[in-house]
Amino acid sequence: MNSEQIKIIAMNLWVYGLLLLLTIVGILVTPTAGLYFFLRYGWQTPRIIRHIIWLYGKGWLLIIRPFVHFQRQGLTDDQVPENCIFVINHLSFFDTYFMGALPQSDITFAVRSWPFKMFWYRLFMQLANYLEVEDLSWEQTLAKGNMVLKQGGAVLFFPEGHRSRTGKMQRFYSGAFHLAVQSGCPIVPLCITGTDELLPPGRRYVKPAKVRLKILPVVDVANYQQEGGHRQLRKDVKASMVAELERMLSNTEHESR
Amino acid sequence: MTEQEIVTIINDALVEEFELDADEMQPELSIYDDLGLDSLDTVDMVIVLEGAFKFKIREEAEIKEIRTLGDIHAFVQRKLEVEAKN
Chain U
23 MNSEQIKIIA MNLWVYGLLL LLTIVGILVT PTAGLYFFLR YGWQTPRIIR HIIWLYGKGW
83 LLIIRPFVHF QRQGLTDDQV PENCIFVINH LSFFDTYFMG ALPQSDITFA VRSWPFKMFW
143 YRLFMQLANY LEVEDLSWEQ TLAKGNMVLK QGGAVLFFPE GHRSRTGKMQ RFYSGAFHLA
203 VQSGCPIVPL CITGTDELLP PGRRYVKPAK VRLKILPVVD VANYQQEGGH RQLRKDVKAS
263 MVAELERMLS NTEHESR
Chain B
7 MTEQEIVTII NDALVEEFEL DADEMQPELS IYDDLGLDSL DTVDMVIVLE GAFKFKIREE
67 AEIKEIRTLG DIHAFVQRKL EVEAKN
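Chains U and B are the protein sequences, given in the same order. Numbering of the first sequence is given in my numbering, commencing with residue 23 and proceeding in unit increments. Numbering of the second sequence is given in my numbering, commencing with residue 7 and proceeding in unit increments.
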């Protein structure tokens, strides 16, 4: 067994062991923490749970630190609007965990049905009012998304719908862009790289990686209010993300030389 | 416009809009299960077809019955025939 293999075994014991511990502790402390957030900030259950999930993401970032070189780039905290629609490319199961690096905690994820099948997360996702896009009609998803945005929160979409198995960005679905045009809330594109090194689809063990999360400039939707404007918005946002991902991957290659 | 020209215009428009594989555009394919379109995409599909053929179809009840790529071809064909008669 070489040192690389030993490192991978150690990483998996560390990461999955501590993630299990963090999950159990998280479940146990949620009622007390929830009561604290309610008394301190007057938050209702969905807001409290979204904050706890965000803290869980922060815990994840600490757990992986010995093995994953993570960097957030792009906009600074004060440049990211609280009330917006995030769209991000999708490479790995663990992409969502890195959202703990975003500046705000009030983020409602739009997710497919399969994450709800993980019983240890399901209750949290339901309590957080996540948008289960496969089970809801698009009218319901857009109505729920509009509600979240009206209350001042953010909604996060993976517009590709699935994790990419080639690393190449797939076609974008329109939901996020319909919601943006309907609500008038800006789009904040996010580009993530390296999570496909950490855990690509089809592999069960994690490997050391360099993960970069870049927050791209805010896209105002005022110029997309004409009929079918969501289609142009979708194309423009995708083009900017494709170009940025190419730059990020090229920079990562230079760094590793 | 020939039937083949209509099919080509439809397929090209859908390939461009939804980033589909041009080689996969077979009439028997389900637009949902095989081409991966969702209900919001059908809204975009209507806009795309209206743009490509310069007609209005969004109020047509028949659109809700479309299941396959072949259904789109046949629907547009019928619509163009009606438009030509009028």
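A portion of the hints provided could be inaccurate.
[To be verified] Here are the simulated DSS-like cross-link-like pairs (lysine-lysine), alpha carbons at most 25 angstroms apart as the crow flies:
id	chain 1	residue 1	chain 2	residue 2
1	U	K229	U	K29
2	U	K166	B	K60
3	U	K80	U	K257
4	U	K257	B	K60
5	B	K62	U	K257
6	U	K80	U	K29
7	U	K166	U	K190
8	U	K236	U	K190
9	U	K190	U	K257
Hints are computed from structural coordinates only; laboratory data are not their basis.
Going down the list of hints, with the structure as the test:
A hinted pair counts as satisfied when its Cα atoms are at most 25 angstroms apart, and K229 (chain U) with K29 (chain U) qualifies at roughly 9 angstroms. Between K166 (chain U) and K60 (chain B), the direct Cα distance comes to roughly 34 angstroms. Violation of the 25 angstroms bound is thereby established for this hinted pair. For a cut-off of 25 angstroms, the pair hint linking K80 (chain U) to K257 (chain U) is broken: about 32 angstroms separates their Cα positions. Between K257 (chain U) and K60 (chain B) the CA atoms are separated by roughly 22 angstroms; this keeps the pair inside 25 angstroms, and the hint holds.
Between K62 (chain B) and K257 (chain U) the CA atoms are separated by roughly 24 angstroms; this keeps the pair inside 25 angstroms, and the hint holds. Taken as a hint, the K80 (chain U) and K29 (chain U) pair is honoured in the structure, with Cα atoms around 23 angstroms apart against an allowance of 25 angstroms. Proposed proximity of K166 (chain U) and K190 (chain U) is contradicted: the alpha carbons are some 30 angstroms apart, above 25 angstroms. For the proposed pair K236 (chain U) and K190 (chain U), the alpha carbon gap of about 17 angstroms is at most 25 angstroms, so the pair holds.
With a C-alpha separation of about 16 angstroms, the suggested pair K190 (chain U) and K257 (chain U) falls inside the 25 angstroms cut-off, and the hint holds.
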